[in-house]
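*Asks:* Listed here are the chains, written in short residue letters.
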Amino acid sequence: MAPPFAAVAPEPLKEASALNVLKVSRWTIAAFVLPCLLLYVGLVFAPIIVSFYNATLNWNGIGVAKHVGLDNFHRMFTNDSVFWPSVRRTFMLAGFSMLVQLPLALFVAILISRFVRKPNFLVSSYFMPVILSVAVIGQLWKTIYNPASQGGMINQILIKLGLDSWTHAWLSEPKVAIYAIIVIGLWQYLGYHILIQFTGIQNIPADIYEPAKIDGAEGFKADRYITLPMIVPIFKISVVLSFIGSLQSFDLIMVTTAGGPAHATDVLASHMYNISILSQKYGYGSAIACFLVVVCLAATVIINLLFNRIEKRYN
Amino acid sequence: MSQSASIAVREPAVQTRRRGFSFKKTIVFGFFGVLLVTQLYPLLWLLIYSVKTNEEILSGSFFALPASVQWSNYSNALAGGRYWHYLLNSVIVTSVTMVCVILLASLAAFAITRFRWKYGHIVMLIFLMGLMIPLQSTLLPLMLIFKNIHVLNTRWAMILPYIAFQIPIAVFIMSGFLRTIPHEIEESAIMDGANVFRIFRSIILPVSVPPIMTVCILTFINVWNEYILAATFISKEALKTLPFGVYSFVSQYSVNYGAIGAFLVLGALPVILVYFLLAEKITKGMVAGAVKG
Amino acid sequence: MNTTGKKVAGTAMAGFLAVSLAACGSSNNGNNGDAAASPSASASSTSSASASASAPASSSAASGEKVTITFQNIYPDPTDPKYNMLHKIVKQYETDHPNVHIELDSLNTDQQKQKLKTQAASNEVPDITIVNPSAQMKPYVDAGLFAPLNEMVEQNGLKDTFQSGILDYYTFDGNLYALPDGNNIGLLYYNKALFKQAGIEAPPATFEDLIADVKKLKDKGIQPMAIGEKDTWTGSFLFMNVLLRTNGGPGFLQDVVDGKKTFEDPAFKGAVDAFSQLVQAGAFQEGATSFDYNAGENLFKTGKAAMYYMGSWATGGIEVSDANKDGNVGVFKFPTVGGKGDPNQFMLAPGSAFAVSKNSKHLPETLDFLNYFMLNYPKEAFAVKGAVGVAQKVDGDFKAAGYSDMAMEVLAMFKDVTGGDISFDNTMNPATSQAHLSSIQNLFVSKEDPAAVAKEHQQAYEDNKE
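So the sequences go chain by chain: Z, E and H.
Here this note's numbering is used: the first residue of the first sequence is 744, the next is one more, and so on.
Here this note's numbering is used: the first residue of the second sequence is 4, the next is one more, and so on.
Here this note's numbering is used: the first residue of the third sequence is 3, the next is one more, and so on.
In case anyone wonders, no lab produced these hints; they're calculated from the structure.
Honestly, I wouldn't trust all of these hints.
Each computed DSBU-like pair below joins lysine-lysine, with the alpha-carbon atoms no more than 35 Å apart [said to hold, decoys possible]:
1) 903/Z / 140/H
2) 28/E / 964/Z
3) 903/Z / 93/H
4) 68/H / 150/E
5) 387/H / 239/E
6) 809/Z / 150/E
7) 121/E / 1055/Z
8) 68/H / 903/Z
9) 918/Z / 220/H
10) 239/E / 115/H
11) 363/H / 809/Z
12) 218/H / 457/H
13) 150/E / 140/H
14) 140/H / 918/Z
15) 239/E / 93/H
16) 306/H / 809/Z
17) 27/E / 861/Z
18) 198/H / 903/Z
Nothing here was measured: the structure is a model prediction, and the numbers come from that model.
The shape of chain Z in the complex, shown without the other chains (with noise of 0.2 Å):
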């Protein structure tokens, strides 16, 4: 009764299809692959060529369109004054959900573990940020950056400490608003990662904690040698997640502030939804949408290469 996962360590990280043992017949494979692969291209792959299509016309999305191959990448790279600070605040964004509330989620995690013997009360409640309608959680925190006249949290409590020189309208001044609404997104979803991450830390077998222990390796010690190293397959995931939870938060966006003050908070799919919604320009919105894709493709590509790397490295 040996745990599967007595020999995970070296094991996972070998490129997988040279050792794949399962010989098995076209039809098996189209059994298991096909039901799941037919219905995601129909319905999700489909419709994104169309987009790509669709980006190459000048339409209003119900007359006629006109076809004017790549005017609008050409516009939204070279002419368009929102394109560019919505696309870097869309990174900001993912910057700062990797570099702070991913890393800190980690933290918790290995805490959690340490410490806590009936986590789940702990981790489910860390999560219930996520599963509030986004509606809700804006109301809430405009009531937190709110200026102190109308009873806002932070300004009050900064007039009362005598700060008053601190004090802003945290979701209405350009310069302020879009960390405001970065301090938002990574309170909401840091229980997210940190279900994601302790669910990634329970995985690892204890057996392989024992040998460690002998050595002199506990503690924290441990988690820097063993955790770390095991937690890198699950911490991808995160960090893919966390990736595609900034290029698609338009949701909290919206209820904070819409975009403005004058593009100030637009990131790329409130961009793309002043665009091709609000401005009517559905092929330009396409386009944009069609860089959405190709950044995030690109993406998952660039965060799979690095992490295997990590992942050899630990090898």
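Dock chains E and H against chain Z, hints included.
*Replies:* Showing chains E and H alone in chain Z's frame:
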């Protein structure tokens, strides 16, 4: 069983407990406590919100409590019995979606990570491309597809795209997990004469409980609150889901925030319930996975 | 569009509230049965394709065929009087026509817009839907998605129930494509008690007075004005009223479209300058750009702000708010700016309107229902105290029906209307409108050179010109 479980899984709390009260532990639990307050506070806030008047909610003060408890928000939210049939629809749509996603994604992930075939990488790449397709940009093509296969205004118009949109992340998580399972297990199974379907059902699925639960939770959250797609493809009152109820309190020039709060509480209750149930399963599932085999 | 609006608006508003015998008679008829089509309908319907719609109900009733009409609408809130009104009329119609089922697809406004757009792109427009006037509905009309209502509106005297001129905003090339539920004007609400507290005797008659009053209020620690600028159209609506004054009258945007003026015209720069002065004087609440419409309006409703510029549709909500206790809220017309403009010219807001899909499977039944619906609309709206700003003539004694003094003041103001402009996004194409909305929102957070703002507008207009 539970004994062997506690041996198999790392139980560091035991060691710390032996040391009894410690300064370090106090700090750590203090930290946990602070985090707990910040993460659980919105729940409490929502409860308070749901019994406030519109004016109190909109006044935007962080600390204010309602002058009097507005139970009418709840009676408004429940008015006309919509809540119950929206709830039923949400449960049907969400559960069918969850079951299908798990089944389809685990089959595909199994094939990609464990079968010896040439195109595994390409298929994986195709799935990866779908990780970040903005839903809004597919609405128009989907409308055309659904119009032609006559599923507009049926539950399938929600369920099919929900499954399809969850597939990439589900395959990603499932295959990420399956890659970590050593190949020896199916080697030995093959030697025992098991076919692939049996390997999948009785070896792979049982040890995959943790990622399946993760996928379950992700799917549940994404589908339960989904509104844009449902609102676009569903026009029949009889098929509408919970988010319709929430947004029904938003009129052109007025919003009934109190009723929204109440409806959100009513809508979140089942979520929280289901979530805590699943969370229990995750840890249990992991223990079971670690012991079996 | 705008020039016609200018011409007709005066007479349109003058006729508002006039007790129309025809309307009265026909709305009563509506309940008795639609078989009694008015003679004018049969007279005007010649050999047009939709002439068959003239007696639809009887034909379908005879066949007894089950018919489902999908009615997409923006009244989803069961706690909103309009919701009950809608359901009441629909129920009544279903009782009278047992073979017809009206499927109400009630959505919030943003979602409805997005849904209709998606549906339109795949030619799946619901039997009845909702659109905004003028420039906003034009793409749908150009794509040939809506059925003309010319014939239908003649039946049962429906056309005469509308205020004269209002239907022009929904008419393209002589064809009427939608019937509006509202017709509103932009005005300033003010809190009498807060004015008194700041020592302000009377509402300002000029923009300069307004700014002086803002400063007086500010000195007393009172928030002068409230706005929900997160929604961007709110600031634009106010800005356009300033422009209506600095331009000395309506039609500025139309002149731009016609190539007679550019955004770099002194009138436009003057409007930006005046608007900026108002912002710089501290008129609006701190953090205004993160306040949505409701949160902004709530400041005024709860007595935390002294003034509020909005369309007259806000009257109903303000009427019952804390601020209006003991008739504390008054209204005044937008003042002249730099001595220019006429306070009797208003920002006009023809409302969202009901349109019928050209491809409806049950076109005759749908037209018949909409006819019935609109005939009953003013009467039912009056009953739920929602008749301020209805697009149709309402007969009834508002005072006796319990409408507040403030509502009466607003109604009186309608009678003074001699013309005006419609909002920016009802005149310009969507992309130019978005650039404009963002540019105006920017004025709330930074002081800009009016010339630069004008240039930005002109650039956006030229970039997006078709």
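*Asks:* Hints first: check each against the structure and report whether it holds.
*Replies:* How the hints compare with the structure:
{"no.": "1", "hint": "903/Z / 140/H", "in the structure": "55 Å, violated"}
{"no.": "2", "hint": "28/E / 964/Z", "in the structure": "17 Å, holds"}
{"no.": "3", "hint": "903/Z / 93/H", "in the structure": "58 Å, violated"}
{"no.": "4", "hint": "68/H / 150/E", "in the structure": "22 Å, holds"}
{"no.": "5", "hint": "387/H / 239/E", "in the structure": "30 Å, holds"}
{"no.": "6", "hint": "809/Z / 150/E", "in the structure": "24 Å, holds"}
{"no.": "7", "hint": "121/E / 1055/Z", "in the structure": "23 Å, holds"}
{"no.": "8", "hint": "68/H / 903/Z", "in the structure": "68 Å, violated"}
{"no.": "9", "hint": "918/Z / 220/H", "in the structure": "26 Å, holds"}
{"no.": "10", "hint": "239/E / 115/H", "in the structure": "17 Å, holds"}
{"no.": "11", "hint": "363/H / 809/Z", "in the structure": "30 Å, holds"}
{"no.": "12", "hint": "218/H / 457/H", "in the structure": "34 Å, holds"}
{"no.": "13", "hint": "150/E / 140/H", "in the structure": "25 Å, holds"}
{"no.": "14", "hint": "140/H / 918/Z", "in the structure": "38 Å, violated"}
{"no.": "15", "hint": "239/E / 93/H", "in the structure": "17 Å, holds"}
{"no.": "16", "hint": "306/H / 809/Z", "in the structure": "51 Å, violated"}
{"no.": "17", "hint": "27/E / 861/Z", "in the structure": "19 Å, holds"}
{"no.": "18", "hint": "198/H / 903/Z", "in the structure": "32 Å, holds"}
In this structure, the hints that do not hold are numbers 1, 3, 8, 14 and 16, in rising order.
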